[in-house]
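Undergrad: Residues per chain are reported as follows:
There are 2 protein chains.
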Amino acid sequence: MGVGSSMNRVDAWEKVTGQAKYTADLMPQNLYTAKVVHSTIGNGWVKSFDLEDALKVPGVIKIVTCFDVPDIQFPTPGHPWSVEKAHQDIKDRKLLNRRVRMYGDDIAAVIAEDEIAARRAADKIKVEYEEYPVILDPEASMKEGAPLLHEEKPGNVIAHTGFVLGDESFEEAVKEQGLTIIEKEYRTQPVQHCHIEVPVSYAYMEKGRIVIVTSTQIPHIVRRVVSQALGIPVGQIRVIKPYIGGGFGNKQDVLYEPLNAFLCTQTGGHGVRLELSREETLGCTRVRHAFTWKIKGAVREDGTLVARKYVAYSNQGAYASHAHAIAANAANIFKQLYRDEKVLESDSYTVYTNLMTGGAMRGYGIPQGDFVTECVADDLAHAVGMDPLAFRLKNCVKEGYIDPHLGIAFHSYGLKACIEKGKDYIRWEEKRKTYEKQSGPVRRGVGMAIFNYKTGVYPISLETSSCRMVLNQDGSMQLFMGATEIGQGADTVFTQMAAEVTGITEDRIHIETVQDTDTTPFDTGAYASRQTYVSGKAVKKTGELFKQRILEYAAFKLKLPKEDGPAAAAEDSGTSGKSTETTAWKMLNIKEDQVIDKASGEVLLSLAELAEEALYSLEKSVHITAETTSHCKENSFASGVCFAEVEVDMPLGRIRVLDIINVHDSGKLINPGLARAQVHGGMSMGMGYALSEELLVDGKTGRPLNANLLDYKIPTAMDTPGLHMDFVELDDPTGPFGNKALGEPPAIPVAPAIRNAVLHATGIPFDSLPLSPQKLVERFLKEGLIGGEKGAVKGGGTHV
Amino acid sequence: MGVGSSMNRVDAWEKVTGQAKYTADLMPQNLYTAKVVHSTIGNGWVKSFDLEDALKVPGVIKIVTCFDVPDIQFPTPGHPWSVEKAHQDIKDRKLLNRRVRMYGDDIAAVIAEDEIAARRAADKIKVEYEEYPVILDPEASMKEGAPLLHEEKPGNVIAHTGFVLGDESFEEAVKEQGLTIIEKEYRTQPVQHCHIEVPVSYAYMEKGRIVIVTSTQIPHIVRRVVSQALGIPVGQIRVIKPYIGGGFGNKQDVLYEPLNAFLCTQTGGHGVRLELSREETLGCTRVRHAFTWKIKGAVREDGTLVARKYVAYSNQGAYASHAHAIAANAANIFKQLYRDEKVLESDSYTVYTNLMTGGAMRGYGIPQGDFVTECVADDLAHAVGMDPLAFRLKNCVKEGYIDPHLGIAFHSYGLKACIEKGKDYIRWEEKRKTYEKQSGPVRRGVGMAIFNYKTGVYPISLETSSCRMVLNQDGSMQLFMGATEIGQGADTVFTQMAAEVTGITEDRIHIETVQDTDTTPFDTGAYASRQTYVSGKAVKKTGELFKQRILEYAAFKLKLPKEDGPAAAAEDSGTSGKSTETTAWKMLNIKEDQVIDKASGEVLLSLAELAEEALYSLEKSVHITAETTSHCKENSFASGVCFAEVEVDMPLGRIRVLDIINVHDSGKLINPGLARAQVHGGMSMGMGYALSEELLVDGKTGRPLNANLLDYKIPTAMDTPGLHMDFVELDDPTGPFGNKALGEPPAIPVAPAIRNAVLHATGIPFDSLPLSPQKLVERFLKEGLIGGEKGAVKGGGTHV
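Chains A and B, in that order, are what the protein sequence lines are. For the first sequence, the residue numbers in our numbering are 184 to 983. For the second sequence, the residue numbers in our numbering are 184 to 983.
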């Protein structure tokens, strides 16, 4: 089958039958259970604990408080470590914090024989606090006199960066005659990832080392951060990642593994489990950063985008986590998606507040930034009476675009083709016209949004990945990746890639799902839509070497004539890293598990025969393996578009998505079936972001108001229309198999496309997410589109 | 510390605190339990089962009988597979057998929700048999008309081999005048290994593959045999070996893993555990082969050994297992230990009987063969009135000896020095004289026995081993061996070896204890005293390559001047197998975790810095690892001696070992402390073999009579005197670190040394083991040394 086929997931059977083992399934018997004690204030200090009653609870083993943990601050984001101090992540939290910076901050932990004892004891702990006012908004947090959340960051500003692209300032540029200028403020809300499996881990000690089994996207980074947090060497820590039930970026943060590891050391190495509740997951882990954008845009009558200028405030919440990387990435989409003829001024602040901590979430700032660029695009087009699709085609970046700061280019450019395909599907022109003049309470519209997205993090950060292959006695292969399967299908596409490169068929490639920092190769993990591209290169490089070693053995076994290579080392050719003795292997190839003559295609030997001989030959026994690192120093833009058709029931404030399509330019698809599944999931996530999802907190205390899946609304199947998609499959020359990013993109353009469809339907340019009924009704009332007499509906109509 | 130091075991803390995880500790919850149903006849056929009552037992999941298993015969011994059909192991059993060949043969299995249900159901299964007479003795089994146990082996003889070393026959040779000729029959008994942890495993399915976690010495061989037994490819099977509680060769057989794997497939992949009881372990696994030896020896008056001739019958029991390899190895000791001036005639039969199956046990035939050579030596010396030590020095093989068939030599020869040391310790001459003329019922004597022992199985069979090393971010190392820690200290000595070769200190080397056929490199396992020698070579070879790769990176980081190597490939030098770009690394070395200038010793860089840079460098990121195979085509003899001083209480038939010493020539000791522990254990095992251990069966049915540790007597601490030992540490040029075999040797010479001391004390040359009170009293009565009137003790005396 190889690359390009829609083979079934390698883990399909496992997952459908429930045999797949997740962290909780692997827990041995007799683990202790830990429960974190969370602060019940949003800003202040822990002054003291009264543990007396708690310690009396039968089954309590130990209670550890913020007074007991190492005085070490550590970072949590899932970034490759930087050997340059200036680029290292911000170390701003301890295992447990005396300084409370959010409601639900981690201040103590109970270790008990079971869950019930742990919860009972946690409830009986009394805490005395010193309390400060709670600040939830970045601009308020930056004001003079606001309490500092972290002493080392004056004004609570983590970072402030910007750039100007153009030769003059925005103010200069807009002196031009005849420009239409808009000035707007957009807001995006904090949302949560809502992965099915909550953060869960268990830790135990083995030969003086700490072993942590955890649901994470980034086992090697967890290892490093636990080392930093506990102040012990990396080699003393082992992290094992079983199957995981989703992550979406939340598990690209090192959440509770360091605390779990520490608690294990506090029991003399007895195993301790730490599983968050859904409430803790929503209220105490990470969220997608809320942003405020103050933006001006100027457009000519002909639709030329002349200039934009904005200030963005990224609400970081209590701890730095991924910090300014999100705002910096969000800024990229402005320059990378549209060309301002004269100038683009960008200015971004990332600010501590007492909100939940912002972290990585699918799209990493781009869903927010794209919402704004795509609102602005429609609002500017609207302002000059231009078709928004035409506006985009006129102003969006063209083939040959290169990011002026990062140097990333489209090595394959499919954006326009995507727009064409999506336009045809949704019947854009026809519907734009049909819905032009509607009256009545229920109106329809079509909208669109485009995006592009870089693949992996190069050159901002390191991209490195390793792969290991081992030949089994039956000629099948064990495939080991440091890259992680987190539900997205990575194991399946790596299997296809390995088959493509080596000629061993997929059914005979056994990929290891469990990443174990002791045994599987190094890779930074699942994030940044990087794995098929970056880790795919490692598969390709390793596969080529592995195949060479197999063919070298085949040449030996087949007694092909030797031609002396540059460094003859007969016995070592299989595994020692020395050069091969002969180049005879180049006359051979592998096809469908058989060694063949490259020229004639004749089958010479089965891999099963070869493998058995290689292991057991009395003349030359060699265990054929290969392991290489691919250091990736390339990048390419993926891109795409979403078109949505909506029906807005204005009196009910209800938006029905009637039809929706994403069209993606992600290069060659490794597995079209999995690509479709990836897009499905992303579109559904985008719809939740657009319509219903928002983490709400009490304004006085910062206490989460809807940290549960009853009150926090993610879309259900009933809320979701048929999700359509298409692809523009260009062969990207930098991708290992012509491929580029697809993991995060599908979630990006959905919300602005829906917002723009609502604009088309109702004429109202909403400026914040989600487009909730409350928000819509208030605005429609204000605009006089509904209401008037006492709740009566202007225009009437039937609403189901 | 490195090689030669007595560092603490790397698993000492784990094992002392109980944190070390053995198979049973790792079992997840909700496994099913399987119980094997054993035959209650010793020879015959299963005609039918009545399962009705058994299936009614609540909790029974399934009952599988010998009518339900694949019609595939498979082998069980832990040998490297041979690609030559003639050398492949004998395939003579099925997962469950209709043809019953021993009492307790495996005829069915119950799978139930728990142990109790499984046992209850097993008890309720009714079996109808066709029954044949039971044959327990090889010579009886070879007689015409005896029922055939395996159709394909006429006369029940598995193999019959022999050799003649000399130019004339024994009969010709003994025509010489003045020879003293003895003719004797010696017997050794079946004994069991009595490892602490019984055979235990559990199996489950994962992605269509079978995973077996098991207490084994040979995970890769288990993988292959399960594949053969179930008729599925090797790649579909994964075997994981946690810590194991001893094996001593019993777990060098593939015991119940294939059945466990099969039962798992019969539940749709649900996990199934199979743990033997102690009774099953003693009665249904493997034993050390019982032998009968009929031997003649001829000696001149001056003590020259002129000729020997023997026929040996190895009692294989019901199934082939290691089969004739044991008898063939036992034959080796005759030629390898003494030189017969004229001729040695060797003739060995391995014969099926209805006894428990003979398998590998520490010494692999040599404890039996050495018992006979050393009895014969003393008996010949006794016959001509010569000091047995002098007899040995005169006739034993000398430096320069090369086995005429195998080509194995002493590359270091310490046998004579061992004898010297032991003789001095025991004060041989003084005591031989003192105890010369004793009377009374309690008499003392000193005896000795020598041995030699080849290291590993080359050239009889394949010796291959792989090793993998990975550099952690903190400059520490993960070390992976296919070789297995089975309690003997392998992990500790491999750690020392890796430290010695790489310059990374032992505290920063993290060896993986768990062998996993998916992740750890290939190695055939723990047996044949091979690991420090054969697998040690893999550590050395891999360590050298690993160090080179580290130093290559150091040269890059330190910007050492490049000298173009034969095949410049800058980026690949770390892991791709290409040749290095430069030879600058040769100017560097590693000492105590620091990169130093080789010439000056100046510290240039810590490995921690280097490792962090290597992983995270934006210029050159490389995950430094190394993995190589060492195909070992060398061997060397280890040797040694045991001296024992005993007191024989003849009326009680009781032997007290007053003093005992083993002196070993095992080359350089990697870890003297562990070497001592190894010798301790072996001496204790040898004492059990000498004095008390014997598996007894009912002569009519073959039913084990003492398959429990109450009636089967292994020595306790109370039975054991101070165990003394010494070493002759010659540097063996073929050993990776000057070392050679030590695992099995300590158990070999103890029994004959004690037997010879008893001969010295009493004048009675016992001809079988064990030297049990019953046997001694009968013989002393017969010889008139005790008894006479009605149980009265001749000579009297006080016995405590």
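Hints should not be assumed to be uniformly reliable.
As the list makes no split between identical chains, a pair holds if one copy fits it or if it spans any two.
In the BS3-like style, the derived pairs of lysine-lysine whose C-alpha atoms are separated by at most 27 Å in a straight line are [unchecked claim]:
1. LYS614 to LYS742
2. LYS803 to LYS268
3. LYS204 to LYS390
4. LYS803 to LYS730
Think of the hints as simulated: they come from the structure by calculation, not from any bench. Bear in mind that the values here come from a model prediction, so they are computed numbers and not experimental data.
Undergrad: Compare the structure with each hint and give your call.
TA: To see whether the hints hold, each was checked on the structure:
Neither within a single protomer nor between protomers do LYS614 and LYS742 lie at most 27 Å apart by alpha-carbon distance, with minima of 71 Å and 65 Å respectively. With identical chains, the CA atoms of LYS803 and LYS268 are at most 27 Å apart between copies only, with a shortest distance of 18 Å across copies and 49 Å within one. In this homomeric assembly, LYS204 and LYS390 come within 27 Å of each other (Cα to Cα) both inside a single copy, at 25 Å, and across copies, at 11 Å. For a Cα distance limit of 27 Å, the shortest separation of LYS803 from LYS730 qualifies both inside one copy, at 18 Å, and across copies, at 25 Å.
The structure is inconsistent with hint 1 alone, although it conforms to all the rest.
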